[in-house]
Structures are given as structure tokens and as C-alpha cells.
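**Student:** Under the UniProt record's numbering, read the sequence shown as residues 1 to 526, first letter to last.
Heads up, a few of these hints could be off.
To be verified - Heads up, simulated PhoX-like pairs for lysine-lysine below, C-alpha to C-alpha not over 25 Å straight-line: (1) 360 / 291; (2) 19 / 477; (3) 248 / 214.
Just so you know, these hints were derived from the structure itself, not from any lab.
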Amino acid sequence: METEYNQFPWHVAIYRKHKTSGYEYICGGSIIDSEIIITAAHCIFNDTTQSIDYTPMMVVTGKHYGAWDRQDERGRGQRLQVIKKNIRPTYRGLESLYQHDIALLALSDPIQFSDIVMPICIEYESLHMPTSEELGIFVGWGYNSDNVLSEVLQETRVQPVNYIDCRKRVERGTTFLITPDKFCTRTPDDESTLEKGDSGGGSVFKRSFGTGEKYYLYGVLSTSRHASNSSYLFTNISSHVPWINSTKLQLIDESKARRVCGIRTPINYTIPGGFIRSYMDYPWLATIYMKKNGKFFGIRCVGTIIHQRAIITSYWCIKDTRPHYKDVEFRVITGKHELYMNKKEKEDGHLDHNITKHHKHQNYVDWNSRTENDMVILIIEPGINFTKAVVPICMDWDRSYQIEEKVGMIASWDIDECHCQDLAKYRYLNITDCAEAFLNKEEYQTYVTSEKVCGRYHNGTRFLYGSDIGAGYFFFKNGSIQHYLQGIVSRGRPTDQDFLIFTNVELNLRWISDIVLSIYNTGSWY
Numbered sequence: 001m002e003t004e005y006n007q008f009p010w011h012v013a014i015y016r017k018h019k020t021s022g023y024e025y026i027c028g029g030s031i032i033d034s035e036i037i038i039t040a041a042h043c044i045f046n047d048t049t050q051s052i053d054y055t056p057m058m059v060v061t062g063k064h065y066g067a068w069d070r071q072d073e074r075g076r077g078q079r080l081q082v083i084k085k086n087i088r089p090t091y092r093g094l095e096s097l098y099q100h101d102i103a104l105l106a107l108s109d110p111i112q113f114s115d116i117v118m119p120i121c122i123e124y125e126s127l128h129m130p131t132s133e134e135l136g137i138f139v140g141w142g143y144n145s146d147n148v149l150s151e152v153l154q155e156t157r158v159q160p161v162n163y164i165d166c167r168k169r170v171e172r173g174t175t176f177l178i179t180p181d182k183f184c185t186r187t188p189d190d191e192s193t194l195e196k197g198d199s200g201g202g203s204v205f206k207r208s209f210g211t212g213e214k215y216y217l218y219g220v221l222s223t224s225r226h227a228s229n230s231s232y233l234f235t236n237i238s239s240h241v242p243w244i245n246s247t248k249l250q251l252i253d254e255s256k257a258r259r260v261c262g263i264r265t266p267i268n269y270t271i272p273g274g275f276i277r278s279y280m281d282y283p284w285l286a287t288i289y290m291k292k293n294g295k296f297f298g299i300r301c302v303g304t305i306i307h308q309r310a311i312i313t314s315y316w317c318i319k320d321t322r323p324h325y326k327d328v329e330f331r332v333i334t335g336k337h338e339l340y341m342n343k344k345e346k347e348d349g350h351l352d353h354n355i356t357k358h359h360k361h362q363n364y365v366d367w368n369s370r371t372e373n374d375m376v377i378l379i380i381e382p383g384i385n386f387t388k389a390v391v392p393i394c395m396d397w398d399r400s401y402q403i404e405e406k407v408g409m410i411a412s413w414d415i416d417e418c419h420c421q422d423l424a425k426y427r428y429l430n431i432t433d434c435a436e437a438f439l440n441k442e443e444y445q446t447y448v449t450s451e452k453v454c455g456r457y458h459n460g461t462r463f464l465y466g467s468d469i470g471a472g473y474f475f476f477k478n479g480s481i482q483h484y485l486q487g488i489v490s491r492g493r494p495t496d497q498d499f500l501i502f503t504n505v506e507l508n509l510r511w512i513s514d515i516v517l518s519i520y521n522t523g524s525w526y
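Generate the whole structure from the sequences, applying the supplied hints.
**Tutor:** What follows is the structure in C-alpha cells.
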């Protein structure tokens, strides 16, 4: 039956960008945080490529009418871009029998809660699971038998069914879909139906835990292959609580970082020695330095801030087995804009960090200074509070943007003269063009491995003379003022100053994301 206007304020509509017709409705979802939507994994998964569908998506809150272009009269909802999609790594669509069919979406801006837009509750302890005597509610705009989207949000009552009865009710040959993380429901009157397009919506039940009656989310409608006799399979929230908690925290941190990432706020002043900065500040720059016997032992490398607790750099920066480096302690400074180690910065955010753990790339190789996958993520303590003076670099997690301006930048330190941040520019070369550039330089060809990209020096800036190992190679993308990380200056590189070789960050986005997510999942940064 039709719902009243915004009777279910947690329910949202999810739309996908279509090549010719704007946005098309694909699924429902539920608000569980001001920046997070929960839905079904199959709504954002491409079975053909066996990966997340990176097509742009939008979430609309406070929506009563299903069509994208149908505005609600009261106009109090929001249209929010989906900036990150996350599913369980074990989800593989039909190949995995739709097990773990659950996903979280991060939004471009926080949802503005009101009397018509608010989150659904989740019983994280899972102590009061629905029984077969209870009636829950499900809402959606599903397509009817004529493949027409319901104009108005529809409400259906659902009732849990035990495992044995569920197997009896489902269509022959589809019992394999009843995976351990699912529960089965039916519609009591056996007349209401959940249709294609209802996927991702939530089954909710009333609970009273001393604060009055509230609705709690217990299931997410799974595959569009519903059972017969008005029986339906829901992914059981209780089976995924640890993953929901850890992934939600990660996505919230990423969402906050995305709003400030890659944006410079230059500070123009003269530094000691009479030097005037020509390139101002690059607030994602991290300095990796050494201490030995409790004393400063030298600057080692530069790195790039990618998270409140994570720095990315070259693995060589913290790997040195020569006797001279025995008992050296590596540390990280962020928010440093003048390379005088004993000087406190004027801007907020200057911090000295311990390295509590490091994650070397699993395919790192070092043969006679030729390196492959020369990358490490350093976990630091204390965490960084982002300010105008200290922000992370942007990461194109979904590979949504192409490099528009082919000239990229490297920020590092001018150690010899002004002891200030400096910049070099290098024109981007893909791996094919890179190999061709070294075609007549046999001694350099060994450096050009498949996980690399190259840069050719671009006039108008200075060489950094070896102070750039581990530095980020970044670009403007998406026509914005934000800088995106594309590569890491590798230790294994030609000595020809016209070229630099970078470990390709774009090829390692899944690895980087998995490292951060695994830390949230284990709850251990140490």
C-alpha cells in the first residue's frame, strides 16, 4: 500500500548515472549515519567484471516519489553524490551465491537530519532478533510486472520464516541462495510482493529499549531472484556487525578527508636567509627523519599524508641495513613548512609522530637498486588533526577521473639553500612512452617495470637533486583545485635528471584501501 509523505525517514533512493538518460533508479537503502547509507552489494557490483561498479551514483533523502525528475512538493530532501562504495571482499554476486550481499556508501556531504530525514537504529548487540510471531515493515519503489517504477513509496509487511519452512517455500533449484548470513520472510497476506528495484531496502521492526518505541534495521533485501509464495531473503545485519562498524568508521574518516584533501592554503612570508618562497606550502608533505641515541641523525625522505594515521612513501626510506644505520629510529613530522628541526611552526598542526607499524608492499623487490613496488604505508601515532596547514592528498579511490593536465608536481625540501618546501614539475609518461624514452639507453631500461610510470622534467622549476625519494607525484583532476596522488618517487631510477620513475599509485589503490580497512577491522594501529 502507499505510504504517507516521509513516513519512513531513513529510507533513501539510489540512482545510477546513465549515458543518455540522466540518472536511473536502481535500489533502495537506509540511513545509518549522517554520511553513510547501507544497501545491498549487488546494487553496486558488476558481475561481468567481478568488481565494484564505478559508475557515478547519487542518493536522494526525504523522497516520496520514485522518479529522479519528480520533485517532492515540500522539497526538504537532499541529493548527495556517492563518493565511496564498499562491499565485503568475499562478495562475488551469483558466483558466491549472493552471500555477504551488503554494502556501505559514503556521501559527499553530511545528511541534514530533520523530522522527515533521520537514521534507522541498529541493534549492534543482536540480542532481540525478530521472531516468526512479529510483523516488520519493508518499503520501496520496486518495478512492477510491466517494468514500471512505482510512483509513490510502497509499504509491505514482512514476517520472519524459519529455515525449514523457508526451504519449502522457495522455488525449486534456488535453495542454494539461502546462505548462512540470510534470513527468510514472507508477506502475511501472500498478496503483497517485493519487486525488482526493492533490493537494498531494509526490513525494520519496532523495539522498546527504555527510550520509547523505535524502528530497528535487521535485514537488507538481497537478490532480485526472490522466492515463490511471497517469500524473500534478507541479508542478516547481525552477521555483519563487526564489518559494518569498522567499515563505517573508515568511510567516515575518508569522507572527512575528501572534503579538505589536496587543497593548498599558501602562506607567503620571507624565511631566514632572505629567501622568499616561490611555491609556498604543500600541506600533505610529511618529513621522515632519523634519530640515533636520542639525537637528531638526519633527514631521510619525504612522504605524503593519505589518512589521519597513515603516510605513504618509498620502502627504501625506512629500509637500510648498512652498519651506519644500526639502531636508527625513524620518525615522521607533519605540518612542517621550514626545515629547521628545532623551530616551532607558526601554523597549527605541527606534530612529531612515532611510527608504530609499517606495511611494505607485498610484491616489493629490490635487485641491485632496481626496485619494483617500492611503496610502504607508515602508521603513525599520534593521529593528525587536519587544519588548513595540514591536510591529506586526494586519492582517486574509484578511478573516476582522468589526468587532464599532463604536467604533474613533486613537492620536497630544498635542503641545500633555503631549507624550505620546493617544487619540481614533470610531464606524465605512461609505461609505453616511458620505455620508448629509454629505448637507446640500455642501462636505464631495467628500471622501467610494469608497475611504474615516468615523468620528464618540465622547464620552469628546479631539480630537487636527490631530496625527492618517496615524494608524491600529484596532479589536478576533475577540473578542481584539489591535488590527486598518482605516483611515489622510487629509489630505483635513472640518474638522468631529465627523468624520474614513479611507483604507480593507481595500480595499488585496492592494496592501500585494504591496508587501512584491515587496521579498522582489527582495531589495532600498533
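**Student:** State for each hint whether it applies.
**Tutor:** Hints, one by one, checked against the model:
For the proposed pair residue 360 and residue 291, the alpha carbon gap of about 21 Å is at most 25 Å, so the pair holds. Among the hinted pairs, residue 19 with residue 477 is consistent with the structure: their alpha-carbon atoms are about 21 Å apart, no more than 25 Å. Annotation: proposed proximity of residue 248 to residue 214 holds, straight-line Cα distance about 22 Å (limit 25 Å).
Comparing the model with each numbered hint stated earlier shows that all of them hold.
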